[in-house]
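J.: Respectively, the protein sequence lines represent chains Y and W.
Okay, so the first sequence: first residue is 1 according to my numbering, each after it adds one.
Okay, so the second sequence: first residue is 1 according to my numbering, each after it adds one.
Rather than coming from a laboratory, the hints here were simulated on the basis of the structure.
Here a beta-carbon is modelled for each residue, glycine too, at the ideal position from N, C-alpha and C.
Possibly wrong hints are sitting among the right ones.
Some chain W residues flagged as far from chain Y (calculated, every beta-carbon gap over 10 Å) [unchecked claim]:
no.: 1; residue: 65
no.: 2; residue: 105
no.: 3; residue: 136
no.: 4; residue: 147
no.: 5; residue: 192
no.: 6; residue: 256
Straight line, CA to CA, 30 Å or less: simulated DSS-like cross-link-like pairs of lysine-lysine [as the list claims (entries may be wrong)]:
no.: 7; chain 1: Y; residue 1: 69; chain 2: W; residue 2: 24
no.: 8; chain 1: W; residue 1: 150; chain 2: W; residue 2: 134
no.: 9; chain 1: Y; residue 1: 69; chain 2: Y; residue 2: 84
no.: 10; chain 1: Y; residue 1: 224; chain 2: Y; residue 2: 203
no.: 11; chain 1: W; residue 1: 150; chain 2: Y; residue 2: 64
no.: 12; chain 1: Y; residue 1: 321; chain 2: Y; residue 2: 84
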Amino acid sequence: MKKQNTTYYICLFVAGIIFSSCAKDPKIIVEPDAYVLNVPSGFALPNIPDDNPLTAAKIALGKKLFYEKALSVDSTISCGTCHKQEFAFSDNVAITAGVEGRLGFRNAPTLTNIAWATEMLMDGGNPTLETQVYVPIETHFEMDFNMVLLVNRLNADAEYVDAFNNVFGSNPDPFGITRALAAFERTIISGNSRFDQYYYQGKTEVLNEQEINGMQLFFSPTLKCASCHTGYLFTDFTYQNNGFFADYSADSGRARITLLSEDVGKFKVPTLRNIALTGPYMHNGQINSLEEIIDSYSNGGSGHINQSELIQGFVLTAQEKENLILFLNTLTDNQFIHNPDLGED
Amino acid sequence: MKKSVFLLTLTTISAVMFLSSCAKKEGCMDQAALNFDPEAEVDMGCEYATDDDVAVTLHMHQNIGGGELVEESMYTINGVATNLNLVQFYVSAITLVDAAGNEITNDDVYLLVTPEEEAYSIGNFPAGDYTQIKFDIGIDSVTNHADPSKYDIGNPLGAQFPSMHWGWSFGYIFLRIDGEADADGNGVPDTDGQFEMHLGSDAYLATIEIDFPITIAEGNENIVHLDADWDTFFTGVDMANDNTTHVTDNAALSSLLYENIFNMFSAEE
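Isolated chain Y, as found in the complex:
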């Protein structure tokens, strides 16, 4: 009888494992060296594409590529040149120069929690982290290289040939390059700021009164910040015209992709995590401080025809404004910007 029960439970267990492996739940990956993402308290699991399961070796290869200057035509810049860990994987200048000092037209966005992003680029023109890899590599004012030439370059490097064969069972190719880089980028996770400790980890003592007041203002129906900067990601990934500018002729934003006039000046709502580190702000990096941001919103924006109707202005005392900025600073995750797993070796 006892033996029969044991067999019964083994059967259930085996069925359980096999059934779970079918689900899209990324926690259960049947590969022997499966990597389990360290997902912070309060966060849902990100979607991991079926064709790019995470493994430790793949993530390590992706990290090597992320900091690899050979991705650029003249081997002068890497992904990490614009996406610096100390600035939460963004940069501290308005427009970061690409090869030969060439300037594009957009501020380098933070990669904080990019695994949860639903579409890539500020205008949503590219669908996945994997397919996005082509953009910096082939853009004239970024790396100005070419995927075919990059594959040739990596195939001439014995270390990369070994690493790709180890991870993918094949020599460096576009599939492996895009999958490895995306796998590493999915580990760029920030969820241990003082806000997180207070809000998701129950450590009520980590925020002071001013910061708590700032948090209440942030989530208040008067300021409406959290209408778009919502949830644990501090964004709803919608495209909004936030009325910072009157003229979007230099960069029409979402309209560049949709060609619709109602999308002119709309950009994807960015996360506010690590916002104190990711300035200068906005798509063009023309706004220098959190103070200026609050001023623009409290003044009700430029009144551009596509401006979000949520932006109608509000009044804050000097103390409240200071508190709001103090709260935004609690979203800085110091463990994240010093995490050696994410930094250049």
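Got chain Y; can you put chain W on it based on the hints?
T.: For chain W alone, coordinates are given in the frame of chain Y:
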């Protein structure tokens, strides 16, 4: 004991059934097959051309200024000295139509056409008499937004050098011309006059229909000869001053070039 064997069997059967029904997409995994599916992860068989069908070749003769177009050469286009350094475009959805209006399409043939290469295999078609050839300049909207890294380098839809794909709007460049025009009027193309005419995005897919008799027969060479006339393509373009477009940055020029595409192809006389 008997019961536990039964349980074990039941579990195994249900698990195997469940496994085979889940997650991984089934389809043909051979890039050489007619029904290759780049998304497929489980090979469920491929279709290849049957023996009744006959291999057909397309010859694309590219002409400009009364002669053959050769890349990295200088031409006078609309009165402006112009170097054409790169000229290439996609041809897909190649269809033969018979007198009764029946259409045979080789959906899985995508050609990246360059002046260097005249002859392209366009797959197998049933032997017979046809009255029209139809094809797209560009890539259908489904394939246009598929992941190019799922194709090998060397496949027309895989990564190319120079690139035939836009990352920023995620789709193929249907037609790409790079060159230099004489911007300062001294009769010589200048590096300052560099231009790019890159057409893409779903709205710019052009379906071309050319009526002429085509006979496909076993034992014949079965070559379909077409002309691409680049003078027609450049009709109405101010080559010195308004010569660059990537669609969204110069919709007027893109629209003009797109309209010209419909008139530039013909059956070789």
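J.: Are all C-beta atoms of chain Y more than 10 Å from that of residue 105(W)?
T.: Answer for residue 105(W): holds, closest chain Y Cβ roughly 27 Å.
J.: Test the statement that residue 192(W) is away from the interface with chain Y: the closest C-beta pair must be farther apart than 10 Å.
T.: 16 Å, holds
J.: Residue 321(Y) and residue 84(Y) were given as a pair; does the straight-line alpha-carbon distance stay at or below 30 Å?
T.: 29 Å, holds
J.: Find the nearest Cβ of chain Y to the Cβ of residue 65(W) and say whether that gap is larger than 10 Å.
T.: Correct as stated: the minimum Cβ-Cβ distance to chain Y is 30 Å, above 10 Å.
J.: Regarding the pair residue 150(W) and residue 134(W), is the alpha-carbon distance no greater than 30 Å?
T.: 28 Å, holds
J.: Is the nearest Cβ of chain Y still more than 10 Å from the Cβ of residue 256(W)?
T.: 17 Å, holds
J.: Examine each Cβ of chain Y, and state whether all of them lie more than 10 Å from the Cβ of residue 147(W).
T.: 5 Å, violated
J.: If you draw a straight line from the CA of residue 224(Y) to the CA of residue 203(Y), is it 30 Å or shorter?
T.: Holds, at roughly 26 Å.
J.: Within 30 Å, alpha carbon to alpha carbon, are residue 150(W) and residue 64(Y)?
T.: Holds - the C-alpha atoms of residue 64(Y) and residue 150(W) are around 22 Å apart, at most 30 Å.
J.: Beyond 10 Å from every Cβ of chain Y: is that where the Cβ of residue 136(W) lies?
T.: Correct as stated: the minimum Cβ-Cβ distance to chain Y is 21 Å, above 10 Å.
J.: Does residue 84(Y) sit within 30 Å of residue 69(Y), going by the straight-line distance between their CA atoms?
T.: Holds: residue 69(Y) and residue 84(Y) sit about 14 Å apart, inside 30 Å.
J.: Hey, residue 69(Y) versus residue 24(W), does the alpha-carbon distance stay inside 30 Å?
T.: 35 Å, violated
When held up to the earlier numbered hints, the structure conflicts with 4, 7 and fits the remainder.
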